[in-house]
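A.B. asks: Chain residues, written in single-letter form:
Protein chains: 2
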Amino acid sequence: MAGTNRAYESNCGIMMDVTNAQNNRLRLKRLGINAQNEYLVFMRKDCPVCTSEGFEALSRIKISKGEQTIVASLIVWDDELQLSHDQLSLSDSAIEALKAKEGDLLTLNHLNALNSMSDVRKKIYGHRLNQTEFDRIIKDVVNRNLSNIQLSAFLASCTGDALDRDEVIALTKSMINVGFKLDWGKENVFDKHCIGGLPGNRTTPLVVAIVAAAGLVIPKTSSRAITSPAGTADTMEVMTNVNLTTEEMKKVVLKEGGCLAWGGSVQLSPADDILIRVEKALDIDSEGQMIASVLSKKAAAGSTAVVIDIPVGPTAKIRSQKTAEQLSDKMVSVGKEIGLKVEVVITDGTQPVGRGIGPALEARDVLSVLRNEENAPVDLRERAIVLAGKLLEMAGKVDLGWGSKIASEILQKGIAYKKFVAICKAQGYFKEPEQAPFKYPVTAHEAGKVMEIDNRKLAKLAKLAGAPGAMTAGVLLYTPVGSTVKAGDLLYEIHAESQGELSYALSYHETQTDIITLN
Amino acid sequence: MAGTNRAYESNCGIMMDVTNAQNNRLRLKRLGINAQNEYLVFMRKDCPVCTSEGFEALSRIKISKGEQTIVASLIVWDDELQLSHDQLSLSDSAIEALKAKEGDLLTLNHLNALNSMSDVRKKIYGHRLNQTEFDRIIKDVVNRNLSNIQLSAFLASCTGDALDRDEVIALTKSMINVGFKLDWGKENVFDKHCIGGLPGNRTTPLVVAIVAAAGLVIPKTSSRAITSPAGTADTMEVMTNVNLTTEEMKKVVLKEGGCLAWGGSVQLSPADDILIRVEKALDIDSEGQMIASVLSKKAAAGSTAVVIDIPVGPTAKIRSQKTAEQLSDKMVSVGKEIGLKVEVVITDGTQPVGRGIGPALEARDVLSVLRNEENAPVDLRERAIVLAGKLLEMAGKVDLGWGSKIASEILQKGIAYKKFVAICKAQGYFKEPEQAPFKYPVTAHEAGKVMEIDNRKLAKLAKLAGAPGAMTAGVLLYTPVGSTVKAGDLLYEIHAESQGELSYALSYHETQTDIITLN
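Taken in order, these protein sequences are the chains called B and R.
Residue 347 is where the first sequence starts when you use the working numbering, and the numbers rise one by one after that.
Residue 347 is where the second sequence starts when you use the working numbering, and the numbers rise one by one after that.
Please note: incorrect hints may appear among the correct ones.
To be verified - Quick list of the computed label-pair ranges, beta carbon to beta carbon:
| # | chain 1 | residue 1 | chain 2 | residue 2 | range |
| --- | --- | --- | --- | --- | --- |
| 1 | R | Met797 | B | Asp529 | 53 to 63 Å |
| 2 | R | Asp392 | B | Val724 | 35 to 45 Å |
| 3 | B | Lys447 | R | Tyr775 | 46 to 56 Å |
| 4 | R | Ile622 | B | Lys447 | 50 to 60 Å |
| 5 | R | Ser464 | B | Asp860 | 17 to 27 Å |
Calculated directly from the structure, the hints in this document are not laboratory data.
Glycine included, each C-beta is placed from N, C-alpha and C at the ideal position.
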C-alpha cells in the first residue's frame, strides 16, 4: 500500500493514478510479446489493481477497452524496468483483439465463472455433452476465453474413447459453426487429407493434377511448414503463386477444376487451430477431437467427398492396422452425419516418401513423377495413384476397382502434367524449381545395406541448411532403406543457397555419425 | 536465414554468434518476469536457435548451464526492443534454478519425451497408476519438468472418483517423499486443518492454546493471506513473532507444547504448492488430490494425529453433508495407511465466523474469546471448543464425548489464555493488537433484518483499506445475518491506517449498495 499512500499525498497527476486504480484501470505499454495460443497480461505485483483485486500468477482477468473485451492470463512482473506503477502490458494478439494502442487506459476485472467451464467440468467428471454444451465450449475456445490450462483439461477429458459417436458429431458441428464456410457453387467438391504427415509425402500436387485432369472439382488448400523442412504450400511456392484470396481460388477452380493454394489466409477451423497446439503439447491423440478437427475443416472448405490417407507405421501417428481401421469406420460414419462422403486408404507409414527434403527438392520429385522420368520416386508415384484412383471411383468416373489403373494412365499419358502446369499458370505462373548453388556430398565409408535412416536428423540438417526459408536448400537422399551401397557411393547431398548456411549445416553434420545406419 | 548469412559474412565477433547458435546457445538477459508456477523462456522468433530447432510458442525447451538443467515453456518475442539476436530471457525462478546471471551463455535443446508423461497419458486413458508411476510424476512436478498444460491434464484425469483408495495412498506417499519431513522427537504430535476456509474463521490460535494447555504437543504452522484480507499467520503476527526457523519452533514446542508459526519458510509439500495453482485455475476438486494434499502436508509436518474441520455450506468448498461424510471416510482410511490418525468434524459453513476482517481485528476476536469477554463472538468460541475437544479425546486426555466440556473449562478458567500468551512470549513477545487511527462507520438507512452479507465485497473493502499489509486495517462487522437493526444503527466500520487508504476504500464503497441486504 506504500504506493497508494505516496500517490494520495502527492500531486494532482498521481491522484489521477489512484482514481484509475480504484476503477481498476491501467495504461497499456506494448512490449512485443507473442504468446500465440493465449492472451497474456503482464502486471506489476505491486500495482494497485493487482493488490486490491488479489490478482496472482495464472489469474484469468477480463480486460476491456470500450466495447471490446478479452480474457487474459496474468504473468507478474517483479521488476520496475519494464512497467511503471500504473502500466500493464499485453501480448500482441491481445492488443489487436482489443483494438488498443500504447497509452490506452484499460479496465481490469475478475472473470466471472464461465458457463463453458461448467460444461468442461461435466466432461471431466465423465458425463456426456450435448450439442448446446459443445457449442458453448467451442465458442469460448475461439474467443480465447479459455486458458491453455482449461483447454488442456477439456482435451484430456475427451481423450481415448471418452467421446461417443454422437458427441463426435456434435463436436464436429460446433467446430464447423464457429468457422468460415467456403461455397464453390458445385454439387460435388473433392478433397484429400493425410493423417500424420510423412517426410517428403508430397502426393497432394499429384492427386490434384490427376483428378482435375479427369474432370473433378478439387479446390485444395495446404499448409506451410511449421516444424518440418517443407509443407505442401512451400513446395508449390517453388513453382507457382500460392497466396490466393478466396475469390482468386474460385477463378482458378472454375477454369481448371483444381487449385493448389496456401490455406493460411482462410481461417477454416479457428477452434482447431487453437486446440491443436495444446494437444501437441500433451502429445495425446484424442480420437474424437482428431476426427472433428479433420472433418470440420473439410466441411468448412466446402468439400462433399474426401479421401483420407492414413499411413500406418511404428513412428507414424497411427501405429497399428487395427487402430487405423477403427478410425476409418468412425470417420466414415461421422462424415455421413455432416453430409461429407469419406473414404479411407490405409498406407505404408514405415519410411519417408520420395527423395528430396526441402521445398525445391520435393518439387523436383513431384515434377519427375508428373513427367514420367526414369528416376522418379516409385513410392511417391504409387501412393498418389492409389489416392487419386479412390477419388475417381468416389466420383463415379470409373468403376470400382479401376481407379488406380485410370489414374496411372492419366499420369502416364502426360495429361496430369499438362493439368498441373495449367493450374500453376492459372494461379499466376509456372516455373521450374531452381538448383541450390552449394552442395555437399556425403558418401559411404564402407560397403553395406541401408538399415535405418534417422528422419529427424535429416530434417534438422535440411533446416540448418536453410529450408524452407531458402527454397532450394535441403537434403537429397540417394539411398532409401534397403539399398546396397559400396564404399564411396553417394548416400545423400546437403544443398544450400549460401556457403554460410552450408557450413552451418556441416558443423552440425560433423557431430553426427548415425544419420544413415549401414550393416 | 538472413540473420545467419549476415553473421557469417561479417566480422569475427559475429562469427562467434554463429558458433553459439550452431551449438544452440544464447545469452541470458534478465527482464524480471515472475511466472511462479512454471519456468518461462523468452526467445526471438527469428533467433538462429528458434529457427533451426523449429521451436514455437509452447515448445518445452531444455535449458542448461553447466550441471544445472531446467525445462521451460517458450514465449516468442517478436519485438527487437527487448532481445537481440543472440539473447534469450527467462522468468526469475528459472534464472535462480539455473544459478545463472546476466550474460551467461545457456544451451537450449528439445526436451526428450518424459517418462512421467507416459504415466500421465496412462491415467488420461483411464488406467490405474502404481506407486512407481506416481513417484515419477510427482518428482517431475517438483522439478518443474511438467508444464501447466501437462499438469492440468494430469489433474483432470484424477478428478472425481478417478483415483481409487490405493491410488490416493500412493499419491499421498509420493507427495510426502518429495518434501522435507519434520521430526519433533515425540510419540504423539497433534495438528488441525480446515478444508476450504471461511472468512474470519480463526479457530487455530484458540485450538492450539486450549490443547497445549491440556498438555498436547501441537506445533502448528499456518499460511499468510494470498487473496484474502488475512491468513492465520497474519493474524498471529499482530501479537507475536511468527517467522520461526524449524530449530526455533522446536524450542517453543519443547517449552510450551505448541507454537503458532508461519509455515512459509518450511516447504512441506512442494508438489502440492505447484499442483494447487493449476487446480484453482480449473476450479475442480479432485477429491483424491485434495486428500493427498492435506494428509501429505500433515505427515510431512511430523504430525501423528489430526482433527479436520469440514465446513459445509452453499458457498463453502464442500456443499453437502453427504459429500463431507464420504470425504471424511476416505481421509480417515488413507490417514491410517500413512500412519496418521484422522478425525473429522463437519461444521456449519453457511456464514462467516467472528466479527473482524483483517489481521488486528481478527486478533481482537481471538483475544476476546480467550479472555472470556462478554461480547466475544460466540460462533468462533463454539467452533474452537468442538475442535479442541476432539483433539483432547483423540489424545486420550478425556473420555469420549467429554472433549468439548473440558475444552470449554480450559477456556473459561483462563488457562488457555495464559498458555496463548506463554506461546507468544516463547516465540519472542506478546503484544496487544493496535487500533486503526482512521475509522468510518456505516449505518443502516432504515430498520430491518440482516438477510445477506456479501463476504466478497467486505473482503475487497478490507483489502482496499490496506489489509493485510496494514495490520490494523479491515472491516469490523456489527450485525451478523439474522440481526435486527433500527435506522441509524451501526452495521460495520471500515478501519484504515491512513486517511488516503480510508478514502481509497470509501470511493469503492460509494459505488456499492448491496454489501448488507436488509429486508
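A.B. asks: Could you run down the list of hints and mark each one as holding or not?
C.D. replies: Here is what the structure says about each hint:
1. The beta-carbon spacing between methionine 797 of chain R and aspartate 529 of chain B, approximately 57 Å, falls within the hinted interval of 53 to 63 Å.
2. For the hinted restraint 35 to 45 Å between aspartate 392 of chain R and valine 724 of chain B, the CB-CB distance of approximately 39 Å keeps it satisfied.
3. The beta-carbon spacing between lysine 447 of chain B and tyrosine 775 of chain R, approximately 54 Å, falls within the hinted interval of 46 to 56 Å.
4. A C-beta distance of roughly 38 Å is found between isoleucine 622 of chain R and lysine 447 of chain B, which places it outside the suggested range of 50 to 60 Å.
5. Checked against the hint of 17 to 27 Å, the C-beta distance between serine 464 of chain R and aspartate 860 of chain B comes to roughly 25 Å, which is consistent with it.
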